[in-house]
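Build the full structure now, drawing on both the sequences and the hints.
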Amino acid sequence: MTTLHGLLVDLEPFVPAFHQEKMHAYWNNESRLWATMGDCEPTTRAQIARIHEERSGARERGYTGVHFMMRARDGNIIGSIGLNWVDYWNRTAWLGAWIGEKDYWGGGHGTDALLLTVDYAFRWLDMRRLCLGTMDINERAQRNVEKAGFRFETRERKAALVNGRWIDALNYGLLRDDWPGREALVDQLGLREKAERRYGKGD
Amino acid sequence: MIEGKLVDLVPFEDDFAIHMETWMNEEAWFRARLWERREPHTEDDVKKFIEKMEKSERGALIGFQSKDGDPIGGVIFDHEWQRVRKADAMFFAGDTRYEGTDEHLDGLLMLLRYCFETRNLHRLDASALAFDEVRIDLLRRAGFVHEGTLRQHIRYDGDYVDVEMFGILAEDWPGYEQKVAALDLQPSGIEPKPKPEKKDDKETEAGEAKS
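As they're listed, the protein sequences go chains A and B.
The working numbering puts the first residue of the first sequence at 1, with every later residue one more than the last.
The working numbering puts the first residue of the second sequence at 1, with every later residue one more than the last.
No wet-lab data here; the hints were simulated from the structure.
Where hints are given, some of them may not hold.
Label-pair ranges, simulated between beta-carbon atoms [claimed, not checked]:
hint, chain 1, residue 1, chain 2, residue 2, range
1, A, D178, B, I190, 44 to 52 angstroms
2, A, Q47, B, E191, 25 to 33 angstroms
3, A, R45, B, K193, 55 to 63 angstroms
4, B, K55, A, A17, 32 to 40 angstroms
5, B, G59, A, R45, 45 to 53 angstroms
6, B, T118, A, T44, 29 to 37 angstroms
7, B, P194, A, P42, 24 to 32 angstroms
8, B, S56, A, S56, 16 to 24 angstroms
9, A, D178, B, V134, 25 to 33 angstroms
10, A, Y199, B, Y160, 38 to 46 angstroms
We put the CB at the ideal spot given by N, CA and C, even for glycine.
Right under this line is the structure:
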């Protein structure tokens, strides 16, 4: 079982089309700035291919990250989510998400994906703490991660540069002992209703 | 060499490397590199670490020594993010006699001086285990600002402990000369340790004949 089934999204293994087409789009649209704290330089297909090739050998060099492709319930590939750094010794992992399609911002896709990933990290990787970072100006992300149980922990002053402005970076942490479980949060956040409104009644 | 008030920054070469096998197995090392596994570091691990830092394009390991030329420890900047001009700052007194002394503090100040005044960095990050009062005191005296706490972030001796996170911006840094004058640094008067004997023949073959 390497697909995690949610209500608005499934988290799946990457397919070649993601790296060949989607990554090129995401690296050149607005989503990149939000996902990377300000990166936005135009990036060619050849550069993307090189980055992908470099990354695909990373595991052999000791890279511990685990990443999923995000597919919305309508079948569209919309982004990725995963653990950028899994520290098995300290049982801590850093979580990162990237929704490259603006039509899928808001509406619960990111929250659904986040809950699946947290659940996976605690239940399969035996993490006991998760961290994630975002920017001061990304209020949507702050709302979403707080709703999912993360607590604000640090404010790194002027740690990001976005369109010529220094921006604070915020870090959040979630302890496994504080996590009410995915099911409880799905209910609490009304994800079933959100899925139904967007995609109609399903299984 | 970059000369400071109580310590000088020097290339991390043989005089330092010869101590590093001891230093990398000291508590001080794991307090500075707090996410690392608590495992013995062999001669080979030490060599690989020094080589890795030498080759790094995003960081460096630099030695700091007393005015008598006594190697004290190392300062490290790492994971330099060029676009944002920020890096992680680390420092350790491998010779634990210097732990918490003004020489130790000056090592950190010299790292800040190098990062802000030579490398033109904008921001440095630093961290300390919550109970590591010596390190936290040094960071605060150097001008780092406490920016929050990562809860139960690091495994430590049967427990999971909080990590205090600190940051300093170039605009917080008054300049080395001014900082040193304000702190009134005083030498600890610790006697330099005897120079250790070189322990294998390879170095003699490489032309550094023992006298």
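Quick rundown of the hints versus the structure:
As the Cβ distance of D178 of chain A to I190 of chain B is approximately 46 angstroms, the hint placing it in 44 to 52 angstroms holds. Under the hint 25 to 33 angstroms, the C-beta atoms of Q47 of chain A and E191 of chain B, about 56 angstroms apart, miss the expected range. Under the hint 55 to 63 angstroms, the C-beta atoms of R45 of chain A and K193 of chain B, about 58 angstroms apart, fit the expected range. Between K55 of chain B and A17 of chain A the CB atoms are about 36 angstroms apart, so this pair conforms to the stated range of 32 to 40 angstroms.
Between G59 of chain B and R45 of chain A the C-beta distance comes to about 31 angstroms, which lies outside the given range of 45 to 53 angstroms. For the pair T118 of chain B and T44 of chain A, the supplied restraint of 29 to 37 angstroms holds, since their beta-carbon distance comes to about 34 angstroms. Under the hint 24 to 32 angstroms, the C-beta atoms of P194 of chain B and P42 of chain A, about 59 angstroms apart, miss the expected range. A beta carbon spacing of about 23 angstroms between S56 of chain B and S56 of chain A agrees with the range 16 to 24 angstroms that was offered as a hint.
Remark: the range hint 25 to 33 angstroms for D178 of chain A to V134 of chain B is upheld by a beta-carbon distance near 31 angstroms. In this structure, Y199 of chain A and Y160 of chain B meet the distance hint of 38 to 46 angstroms, their C-beta atoms being roughly 40 angstroms apart.
Hint compliance for this structure: hints 2, 5 and 7 are broken, all remaining hints hold.
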